[in-house]
Amino acid sequence: MKVLTEDSPKRSLNNVQVGEDVKIYDFVNAYGCEIGDRSKIGTFVEIQKGATIGKDCKISSHTFICEGVHIGDGVFVGHNVSFINDMFPRAVNADGSMQTDDDWEMVTTKIGNRVSIGTSATILGGITIGNNAIVGAGSVVTKDVPENAIVAGNPARIKRYLNEEK
Numbered sequence: 005m006k007v008l009t010e011d012s013p014k015r016s017l018n019n020v021q022v023g024e025d026v027k028i029y030d031f032v033n034a035y036g037c038e039i040g041d042r043s044k045i046g047t048f049v050e051i052q053k054g055a056t057i058g059k060d061c062k063i064s065s066h067t068f069i070c071e072g073v074h075i076g077d078g079v080f081v082g083h084n085v086s087f088i089n090d091m092f093p094r095a096v097n098a099d100g101s102m103q104t105d106d107d108w109e110m111v112t113t114k115i116g117n118r119v120s121i122g123t124s125a126t127i128l129g130g131i132t133i134g135n136n137a138i139v140g141a142g143s144v145v146t147k148d149v150p151e152n153a154i155v156a157g158n159p160a161r162i163k164r165y166l167n168e169e170k
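In the working numbering, the protein residues as written are 5 to 170.
There may be inaccurate statements among the hints.
[To be verified] In the BS3-like style, the derived pairs of lysine-lysine whose C-alpha atoms are separated by at most 27 Å in a straight line are: (1) LYS59 / LYS44; (2) LYS114 / LYS163; (3) LYS59 / LYS114; (4) LYS62 / LYS27; (5) LYS147 / LYS59; (6) LYS53 / LYS6; (7) LYS62 / LYS163.
It should be emphasised that the hints constitute simulated quantities derived from the structure, not laboratory data.
Turn these sequences into a full structure, and let the hints steer you where they fit.
Here is the structure:
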C-alpha cells in the first residue's frame with residue numbers, strides 16, 4: 005500500500021493508504037483511512053479516519069463513511085449512502101454544555117463481502133451486514149442483516165433470501 009496526501013481545490017486526501025489501481029475521483033475528502041486494491045471512490049465522498057474499504061469496491065457519489073466503518077471486498081455502495089457511528093448523537097449534554105470528543109462514543113459497523121447497498125440507504129451504528137446481502141434503495145438499517153438476505157424499507161426488514169423461491 006502507498007500513502008496519499010493531497011490538498012487541492014479538487015481533492016483533500018490526508019494519510020490515505022491505498023492499494024494498487026485505486027481510482028479516487030474529484031471532490032473527495034478522505035483522511036486516515038484505508039482503501040483496498042482496484043476500488044473506486046466516486047465524487048463528493050467523505051471517508052473518515054479509521055474507516056476501511058476492501059478490495060474491488062465501488063463507492064458511489066455523495067456517500068459518507070465515518071470512523072469505525074469496515075467494508076469488505078467486492079462491495080457496491082450506491083449514491084448518497086450514509087453510515088452512522090454514534091448510537092445516541094447529541095449536540096449538548098444534559099447540563100446544556102456543548103459536547104466534545106470526550107462525550108462521544110463511536111460504535112463499529114461491519115459490512116461483509118459482496119454486499120450491495122442501494123442509493124440513499126442509511127446504515128445505523130453498530131450494525132453488521134453479512135456476506136452477499138442486498139440492502140434496498142432508501143432503506144434504514146437498524147439491526148444486523150444476515151448473510152444472503154435481501155432487506156428493504158424503513159426500518160429495513162428481510163424480504164427474502166438469495167436463491168430462495170419467490
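> Looking back at the hints listed earlier, which ones does the structure fail to meet?
Replying inline: none
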